[in-house]
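Peer 1: Protein chains in written order, with this note's numbering: chain W, 1 to 384; chain V, 1 to 384; chain R, 1 to 384.
Treat the hints with care, as some may be off.
With a cut-off of at most 30 angstroms between alpha-carbon atoms, the simulated DSBU-like pairs for lysine-lysine come out as follows [as the list claims (entries may be wrong)]:
(1) W:K2 x R:K49
(2) V:K282 x V:K199
(3) W:K382 x R:K49
(4) V:K199 x V:K238
(5) V:K382 x W:K49
(6) W:K317 x W:K302
(7) V:K49 x W:K382
(8) R:K294 x W:K282
(9) V:K9 x W:K49
(10) W:K234 x W:K199
(11) W:K374 x R:K49
(12) R:K282 x V:K290
(13) V:K382 x W:K2
(14) V:K49 x R:K382
(15) W:K382 x R:K382
(16) R:K7 x R:K374
(17) W:K2 x V:K374
(18) R:K2 x W:K382
(19) W:K49 x W:K2
(20) V:K290 x V:K199
(21) V:K282 x V:K294
(22) V:K131 x V:K374
(23) R:K9 x V:K49
(24) W:K317 x W:K234
(25) W:K348 x V:K131
(26) V:K294 x R:K282
(27) R:K348 x W:K131
(28) V:K382 x R:K374
(29) V:K9 x V:K183
(30) R:K199 x R:K238
(31) R:K49 x W:K49
(32) R:K382 x W:K49
To be clear, the hints were calculated from the coordinates, so they are not data collected in a lab.
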Amino acid sequence: MKENIDKIKSLNLENYGHDFLLTWNKTPDELEATLLMAELLKERHRQGKPNLVFDSGLAVSIFRDNSTRTRFSFASAANALGLAVSDMDEEKSQVSHGETVRETANMISFMTRVIGIRDDMYLGEGHSYMKEVSAAVQAGFEEGVLHNRPGLINLQCDIDHPTQSMSDLAMLKNYFGSLDNLKGKKIAMSWAYSPSYGKPLSVPQGIIGLLTRYGMDVTLAHPEGYSLIPEVVKLADKQAQVSSGSFQITNSMDEAFSGADIVYPKSWAPFDVMEERTTLLKQGDQAGLKGLEKSCLTNNAKFTDWECTEDKMKLTKGGEALYMHCLPADITGVSCEQGEVSASVFDKYRRDTYLEASYKPFIIAAMMFLTSQKHPLSALDKLA
Amino acid sequence: MKENIDKIKSLNLENYGHDFLLTWNKTPDELEATLLMAELLKERHRQGKPNLVFDSGLAVSIFRDNSTRTRFSFASAANALGLAVSDMDEEKSQVSHGETVRETANMISFMTRVIGIRDDMYLGEGHSYMKEVSAAVQAGFEEGVLHNRPGLINLQCDIDHPTQSMSDLAMLKNYFGSLDNLKGKKIAMSWAYSPSYGKPLSVPQGIIGLLTRYGMDVTLAHPEGYSLIPEVVKLADKQAQVSSGSFQITNSMDEAFSGADIVYPKSWAPFDVMEERTTLLKQGDQAGLKGLEKSCLTNNAKFTDWECTEDKMKLTKGGEALYMHCLPADITGVSCEQGEVSASVFDKYRRDTYLEASYKPFIIAAMMFLTSQKHPLSALDKLA
Amino acid sequence: MKENIDKIKSLNLENYGHDFLLTWNKTPDELEATLLMAELLKERHRQGKPNLVFDSGLAVSIFRDNSTRTRFSFASAANALGLAVSDMDEEKSQVSHGETVRETANMISFMTRVIGIRDDMYLGEGHSYMKEVSAAVQAGFEEGVLHNRPGLINLQCDIDHPTQSMSDLAMLKNYFGSLDNLKGKKIAMSWAYSPSYGKPLSVPQGIIGLLTRYGMDVTLAHPEGYSLIPEVVKLADKQAQVSSGSFQITNSMDEAFSGADIVYPKSWAPFDVMEERTTLLKQGDQAGLKGLEKSCLTNNAKFTDWECTEDKMKLTKGGEALYMHCLPADITGVSCEQGEVSASVFDKYRRDTYLEASYKPFIIAAMMFLTSQKHPLSALDKLA
Numbered sequence: 001m002k003e004n005i006d007k008i009k010s011l012n013l014e015n016y017g018h019d020f021l022l023t024w025n026k027t028p029d030e031l032e033a034t035l036l037m038a039e040l041l042k043e044r045h046r047q048g049k050p051n052l053v054f055d056s057g058l059a060v061s062i063f064r065d066n067s068t069r070t071r072f073s074f075a076s077a078a079n080a081l082g083l084a085v086s087d088m089d090e091e092k093s094q095v096s097h098g099e100t101v102r103e104t105a106n107m108i109s110f111m112t113r114v115i116g117i118r119d120d121m122y123l124g125e126g127h128s129y130m131k132e133v134s135a136a137v138q139a140g141f142e143e144g145v146l147h148n149r150p151g152l153i154n155l156q157c158d159i160d161h162p163t164q165s166m167s168d169l170a171m172l173k174n175y176f177g178s179l180d181n182l183k184g185k186k187i188a189m190s191w192a193y194s195p196s197y198g199k200p201l202s203v204p205q206g207i208i209g210l211l212t213r214y215g216m217d218v219t220l221a222h223p224e225g226y227s228l229i230p231e232v233v234k235l236a237d238k239q240a241q242v243s244s245g246s247f248q249i250t251n252s253m254d255e256a257f258s259g260a261d262i263v264y265p266k267s268w269a270p271f272d273v274m275e276e277r278t279t280l281l282k283q284g285d286q287a288g289l290k291g292l293e294k295s296c297l298t299n300n301a302k303f304t305d306w307e308c309t310e311d312k313m314k315l316t317k318g319g320e321a322l323y324m325h326c327l328p329a330d331i332t333g334v335s336c337e338q339g340e341v342s343a344s345v346f347d348k349y350r351r352d353t354y355l356e357a358s359y360k361p362f363i364i365a366a367m368m369f370l371t372s373q374k375h376p377l378s379a380l381d382k383l384a
Numbered sequence: 001m002k003e004n005i006d007k008i009k010s011l012n013l014e015n016y017g018h019d020f021l022l023t024w025n026k027t028p029d030e031l032e033a034t035l036l037m038a039e040l041l042k043e044r045h046r047q048g049k050p051n052l053v054f055d056s057g058l059a060v061s062i063f064r065d066n067s068t069r070t071r072f073s074f075a076s077a078a079n080a081l082g083l084a085v086s087d088m089d090e091e092k093s094q095v096s097h098g099e100t101v102r103e104t105a106n107m108i109s110f111m112t113r114v115i116g117i118r119d120d121m122y123l124g125e126g127h128s129y130m131k132e133v134s135a136a137v138q139a140g141f142e143e144g145v146l147h148n149r150p151g152l153i154n155l156q157c158d159i160d161h162p163t164q165s166m167s168d169l170a171m172l173k174n175y176f177g178s179l180d181n182l183k184g185k186k187i188a189m190s191w192a193y194s195p196s197y198g199k200p201l202s203v204p205q206g207i208i209g210l211l212t213r214y215g216m217d218v219t220l221a222h223p224e225g226y227s228l229i230p231e232v233v234k235l236a237d238k239q240a241q242v243s244s245g246s247f248q249i250t251n252s253m254d255e256a257f258s259g260a261d262i263v264y265p266k267s268w269a270p271f272d273v274m275e276e277r278t279t280l281l282k283q284g285d286q287a288g289l290k291g292l293e294k295s296c297l298t299n300n301a302k303f304t305d306w307e308c309t310e311d312k313m314k315l316t317k318g319g320e321a322l323y324m325h326c327l328p329a330d331i332t333g334v335s336c337e338q339g340e341v342s343a344s345v346f347d348k349y350r351r352d353t354y355l356e357a358s359y360k361p362f363i364i365a366a367m368m369f370l371t372s373q374k375h376p377l378s379a380l381d382k383l384a
Numbered sequence: 001m002k003e004n005i006d007k008i009k010s011l012n013l014e015n016y017g018h019d020f021l022l023t024w025n026k027t028p029d030e031l032e033a034t035l036l037m038a039e040l041l042k043e044r045h046r047q048g049k050p051n052l053v054f055d056s057g058l059a060v061s062i063f064r065d066n067s068t069r070t071r072f073s074f075a076s077a078a079n080a081l082g083l084a085v086s087d088m089d090e091e092k093s094q095v096s097h098g099e100t101v102r103e104t105a106n107m108i109s110f111m112t113r114v115i116g117i118r119d120d121m122y123l124g125e126g127h128s129y130m131k132e133v134s135a136a137v138q139a140g141f142e143e144g145v146l147h148n149r150p151g152l153i154n155l156q157c158d159i160d161h162p163t164q165s166m167s168d169l170a171m172l173k174n175y176f177g178s179l180d181n182l183k184g185k186k187i188a189m190s191w192a193y194s195p196s197y198g199k200p201l202s203v204p205q206g207i208i209g210l211l212t213r214y215g216m217d218v219t220l221a222h223p224e225g226y227s228l229i230p231e232v233v234k235l236a237d238k239q240a241q242v243s244s245g246s247f248q249i250t251n252s253m254d255e256a257f258s259g260a261d262i263v264y265p266k267s268w269a270p271f272d273v274m275e276e277r278t279t280l281l282k283q284g285d286q287a288g289l290k291g292l293e294k295s296c297l298t299n300n301a302k303f304t305d306w307e308c309t310e311d312k313m314k315l316t317k318g319g320e321a322l323y324m325h326c327l328p329a330d331i332t333g334v335s336c337e338q339g340e341v342s343a344s345v346f347d348k349y350r351r352d353t354y355l356e357a358s359y360k361p362f363i364i365a366a367m368m369f370l371t372s373q374k375h376p377l378s379a380l381d382k383l384a
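Could you put the whole structure together from the sequences, leaning on the hints where they help?
Peer 2: Okay, structure coming up:
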C-alpha cells in the first residue's frame, strides 16, 4: 500500500473541483491516481481498515434512470469515506435546464461534498446536464454561497460511463499485472444479441474511449448499422495512434474474437435508433416509440448469432480470453431465451465478472476522494 | 452490565456468518447471547453511551412488504452500531430466483455488513428466498469476491418472525425477572377477531416456536379452521416435551385465557387461506383474490366474540395477566368498529406494549452485532 | 466564534424538550441563541471544522407535502451534527389522529433525537398534528418508554414556517450588521402575482409573526381578499406595539415598497380560499377543487401588476432595497410567462437569495442542537 501512496504523490494532480465526467478529459496522471487510490482503498477495506477521510457531509445522487448496482456502489463509496447519501428523485422525464438547474444545484449543495449523476436516457442530454450542474456549483463556490466545491461524478451519461470503464481498467490491470502489460493486448468490444432494445451506448463508448489510450489493440465489432456516436469513434482512432496501439472496426464477431486476449460482448442500440428515440421521447410520442421498438427488435432478431458461445471463445487466444461484462448479462436459457452469452461461458467467468464489478465502489470512492478533498495528499497521509 | 458481558463470554458462540433466520435453528446459547447483548446495548443507550462497533459499512434492507415499525427498528439498530442503511426497493410482486438472486446479493454486498429481509407475503417463499441470499453471499465470501460475510437477519418471513418473538422474550424475561422464572408460566397465544384479512402467520408461529423452549405452558387457541403451518405446530409440541413445558391447542379463547399469566390475542389468516392466496397472487388472479377476501371476511365475522375484553381478562391469573401485542392492534372503537381488543384493556396495557416494542431495535442490533462481527467478544471488550 | 459562545451562555435557555413549532412561543433569548448557534455552526463549517455533537441517533423527517430544499436542509443539518436521517413516507392525504399518532410517534422514536415535520396542506391541521406528536413523545419519555425526548422541529405548518423566517432573520442580521440595526427598518411583505394557486400562507405569516418583534416597520401588502389567518395578523400588530416597531396593512404594492429597506414579494392563496380548499380536500371533492382553482386563478389574473419590477424597486429606499424570497420564485419569462418578479430584478439579487437560503441548514442544525441536547452548553464547550 505504501507503494501506491508514493506513486500517487509522484503524479501531477489538480483534482479539486475537477469533475470526473469523461475519461478522455482526464490526464494520464489523473487516471492513474484514480486507479492507485481505488486499489489502496480496496486493500485497506479488505484488511478492515477505515477509509474515513470526511468527518461529515452529503453525497447527493441524482438518478434520471433506474439503477440498483450503481446506487449501491455510490452509497458504499460515500459511506466508506464518511459521507451520507441523499437521493434526489427527479421525475425521469423531466429535463430541467437553465435557471432551475442552477438554483437547485446550489440549494442541495450547502453541505454537499460530492454529486453523482446518472442521466443516460437522451442522446445529447446527459453530458450537457452535468456540465450545467458543474458550472452552477462552480459559480456558487466562487460567489461564496457554497463553502465547498462539490465534485461531480458521472455515473453514466449519453456519451461515457467512466465508473464502469475505470473499474474494467482496474480489473485488467490486476488481471494482467500492470498497465504496461496491457500494451498490445487485443480486446474485442463486441455488440451481442439481446431480446431487449434501447440499451445505452455509453459502455462500449467508454471502453473504446479509455482502452485505446493504453496501447491496446482495440477492435470494435457490430452488425452493420449498429454504430456508436461518430465523435467517440474518431477519438478512439486518434488515441490509438498516439498510444501506439490500434483501433479497428469490423462487422464480424468472429474476426473480433480471433486471437483476442479479452472479449466484451454486450448489446446496445444503434446510434440512429437512439437519436430517433430521443426525439420521440421528447415529443412524448408513445405510438412512435412502440413502432420504433418493434422495428428495432425485428432488426435485432437478424443477429441472434452474435452470441458469446463456447465455439466463439475457441477463436480467442488459446481459447482462454478473459470474458468481461458490466452486468447484468442476458444469459441464454437463464435470464432470457436467447441472449448475449451462453450459460456455460458465463458460468466459467462468473467469478471474474463479480470481481470486475467489485472494483466499482472503490473506483467511485477514489473519484470522490480526489475530486472533493482540497488536499488529497495530506488526507492520504492521515489515512496511512 | 459487566454481568451481561461475563455471561456472554461464557456462552458457546459461533455466530459469524450464522444468519438469524429461524429461532429454532439457533442454540440456547446463541439465543441467550442475543438477549444479553440486547439488554447491554439498551442499558448503554439509556445511559447515553455509544454502541459504535463498526466504523463504516452498509446495512441493506430488502422489504418485500410494507413496514414502518420494522424499518425504523432496523434503521435505529444499524445507526446505533455505526452502519448506514441502504434500502433496496423491490417490486413487491417480483419474486426473483436463481442467477438473479445470486448476482444481486453479491452486487449489493461489496461493503455490506448486514442484510435484513422482510418477505412474508407468500407461503413457501420468504424463507426460501432468504436461504438463497444466504448461500449467495456465503459463496461470494468464500470465492474472495466479498471482503466480509454479511450477516442475514430475518425481519419476518412466511414461517418465523424472530425479531418480534425475541423482543417478546426479552420483555417476558424482564417482566418476570429471569428466563428461569418463565418455567411453568402459562401463555395464551390466541387468535382474535379483526376486520381485515390475510395477516401473516409468522407472529403466532414465532411465539409457539420460541416459548415452548423455555418450559412454558403454551396454549394456542383459534377457531376451527384457523390453524398454522403443521410443521411449526409439530415442532412446538416436540420442543415443549424437551423443555418439560407443555403445548396445547384449543378452539376456545376462554379455555386459553383461564389462569394464563400472559395473553397474546392477535388475528391471523387460516393456513389454508394463505395457501390459496399465495396461488392466486402468483397467478395474478384479482377476481379470485377478491372472492377469497370476501368469503374469508364472512367467515371471520362468525368469530367477533374472539375479542380480548375486560371479561376475558378476568379469566386470567388473578385477572392480571400480562397483555402482549406486536402492534398495531385493532382496538375496538378506536382503530376499527370491532377488533382484537377492547379500548379499556388496551389502554391499561398500553405502556407495556410500548415497552415490548422498545426491545426490538436492540434485539436487531444484537443480532447484527453477533452475526456480523468477526470477533464479537473482543468488540465487546472495546465497548466496555 | 468565541463571542457567540459566550453570548449563548449568557442567555436564559430551557430548550431540552421545548420543541420549535412557532417563533412567537419562543422567548427572545431562545431566538437569539438559535441565531448565534446557527452562525457558529456555519462559520465552523466554512472553516472545515466538524460540528458532530451526537455520536449516533436518528433524525426522522415526516413530509406530508413535497419538498426538495427543506429535505436537503434537514438532511444536511442532521448529518452535520452526527445524526442519520430516516424518512417516514406518509400518504399525503392520510391525516391520522389520536391513538395512531401517539403509537407511531413512540414506535419511531426509540433511538430518535429529532423529528422534523412538514404539514402545510390543510388549514387547522399541521400545527395540531405537531402538537399531538409532541405530546406523544413527551408522554413516552416521562413513562420511561423513550430514553431521550426527541425535539420536534416545524419544517412548515399551516400557521408558521420558522425555519424559513429564522433563516431570513439571520440573513437580515448579517446584512444590516446586528439585530439592533433592524429597528426602524421598513420591510414590505407583499403578495405577488403567480400563475399557480394554493400556495401556503405560512411564509408571510412567519415573516410578520417574527419581524414585528424586532422593532421593524412591517408593512403587509396584498390585494383585497388575500388576507392571512386573522389571529396571526392580530399577533403581529400586538408585537409591533411591544417592540416599538409598527405594523400596517395596505392594498397597494407601491405604498408598501415606498421607502422600504427590504421587499419580500411572494404569492399566496387567500385565507378564505385555503379554508374552502381544506374542506374540499377533506371531502375528496375533485370537481369542487377544480372549480375553486379555476375561479381563484381568474381572480389572481386581475392582479398581474403585482410584480416586483425594476420600476417598483425604484420606489424603495434609494432604489436599493434588499429583495428577499424563500425560493423558488416565479420569474417572469424564466420559470413562467408572468410571475412574482422580473428577470432583471431577480438576477440582480440572485446571489442574495442564495445566501438567504444558505442559512437554513444551519438554522435547522441550531434548532436540533438546542432542543435535543440535554446539556447544550457543555456540548458547546466540547465543540470549541
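Peer 1: Any hints from earlier that this structure breaks? Give me their numbers in increasing order, please.
Peer 2: none
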